[in-house]
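Undergrad: Chains as they are written, first to last, in this note's numbering: chain A, 2 to 304; chain B, -14 to 177.
Calculated from the structure, these hints are not laboratory results.
Please read these numbers as outputs of a predicted model, since none were measured by experiment.
Idealized CB from N, CA, C, for every residue including glycine.
Careful, some of the hints might be misleading.
To be verified - The list that follows gives simulated cross-link-like pairs (lysine-lysine, DSS-like), each with its CA atoms no further than 27 Å apart:
no., chain 1, residue 1, chain 2, residue 2
1, B, Lys158, A, Lys84
2, B, Lys22, A, Lys56
3, B, Lys158, A, Lys56
As the list claims (entries may be wrong) - Quick partial rundown of chain B residues pointing at chain A, CB under 10 Å, derived from the structure:
no., residue
4, Asp43
5, Arg144
6, Gly146
Here is how the chains run, residue by residue.
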Amino acid sequence: MLTEQQIELAHPEAFDFVFGNLPTAEGVEFIRHLDGCRHCRAVLDEYSEIGGIIKDLPPRTEPPAGLEDRTVAAMTAALAEQKAELAGHLDAGDHDGEDLAVTRIYPKPERELPAEHKTRVLPALQPGSSEDPEPQPEVTHLPVRRRHRSRLVAVVAAAAAIVIAAIVVPLSLTGGPGNPAQVTVVVPLHATAAAKVFGTGAATARATARQAGESWTFDLTVHGLKPLPGNDIYECWWVGPGRTSGRKLLVTGGSFVVGKSGSATLTMTTGVDPRQFRTMEITAESPGNGALHGPVLLTGQTL
Amino acid sequence: MARGDSGARTGPHEIGLIARIASRNDPDEAARRLYRKYHMELFRFGVHVLHDQGLAEDMVQETFIKFCRQASNYDPSRGPVRGWLFTMARSAAYDIARRPSSRPFLPVEDFQLPPQYDTVDQALTVLTVDQALDKLPSIHASVMRLVRDGLTHSEIAERLGIPIGTVKSRSAKAADTLRAELASLRGGGGAD
C-alpha cells in the first residue's frame, strides 16, 4: 500500500493510466516519463492489476423484476419434474438411469421408495434435526388431471374458434380480401439447453404457417416432449424483432399439452406475421403461479 | 467443480437452503432466497459475456434450474456454492450463445461467442470487484463512479470541486479496499 506522501508525489496521469483513462497521445508521453519517475512507477506497480479489472467491469445492469418469479417457478417445476422422473423411473422397474426423458409414470403416493433410490443428500446437508419430516411423494390424481386437460383443451379450442370466427365472419360479410396469393413459411424448432435440463433434450418441432387473410394459421407438430404435471401447459410464442424495455417482444401463439407419446399436432391462429416475428419459442408454463414466461424448451426461426 | 474455486465459503444457513432444495422440503422459499443472493452477480455475468439482457435472463434461469436438479450432489467440502453456480452459469452462457436463435439479427461472421474466462476464478474476480464497489464509502465511491465513466483525475477534481490531490488519495484508497476484497476472496474468507 502506498503512503499518502507517495500518492501525493505521483502524477495524476499515473492514476489515469492504470484506470485506462489516459488519452492515447498522452499515454505515449507518459510511458516515456515513467523512466525517470519512481513515484509514478510505484503507482503502476501497486494498482495496475486492480485498475485493469475496474477498466473491464461489466455494465451495471439490473435484472427485470419479473425474473425472480419466473426463475423460482422454473426451479420449482424442475424439482417437481425430477421427482416425478424418479418415481416414474422406479415404477418402470428400470434402474439404470436411462430413458427418463421419454415417459413419465405418475408417482404412487403410498409407496415408500427404496433407500438407494431416494434423493441423495450428503450428511452435511441434512436439514435440521431428526424431527424434520421425510419428503413425502407428491400425490397426483390422474382422473383430475384428465379433467383439467380436457377443460384446457376445450378452452383452447373455444379461443381458437372465437379467433377464427372473428376472421372468417367479417371476411364473408365483405366478400373476402380478393383471394391474395397464399404465403407459407416453415419454422423448424430444436431443443434448447434448458430442454436438456428439463428432460426433453431430444424434443423437436416444426411449424408451418399459412397466411389466411390478415391472420396466419399454423400447424405445429411436436415430438419428444413430456406430459406436464398438474395444470402445467406448453406455450407457443412468436418472438418479434427488437426489445421493449430490454425484454423480448412476445406474442403468444397458443398453449397445448401432450400425452404420454410426447407428440402432438395442432392448428393455431395468430395475428402476427411470422416473417416479422421470425422466432418461435415453446415454453413450459404453470398457470396461476405467477410465472410469466417459463423455460424455453424449443426454439427456431422461420426459413 | 474444481477443488480450490475461489469465493466466499458456503455458510451453514446456505447449506440448509441447499439441503431444503435437495430434499424438496419447502423448496420454493429456499429457491427464492438463493436466487436473491446470487441473481444479481449471475445476471451481470450473463450480460457481460452474452452482451444481451434477454439472453442473460435465459442464462440465469437455466443456471438455477440446473442448480436445483443437481443440488443433492453439492458437497460443501469441495468448494463454495458460488463457484459451483458460476461454473454452471459459464456452461449455460456458452450453450446459449451457440444457439442459432441467439443471433437472429447478426450475420454469422459478426457474432462472437462469449469471451471464455480462463477460469471461473477470473469471472468471480471481476464480479467481486464489481460488488465491492457498492460497499465503498460514498466519498470514495463517487470518485470511482467517475473513474468508471472514463474521466481523468483532473476532470474529476473539476467535477467534484475538490483538489486533485484529494482525488488521487480517494481513488488510491478505493483501489486498496477493492484489492483487499479480492485478497479476501482468494484467501477463501468471507461469510455466508
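Undergrad: Flag every earlier hint the structure violates by its number, smallest first.
TA: 1, 5, 6
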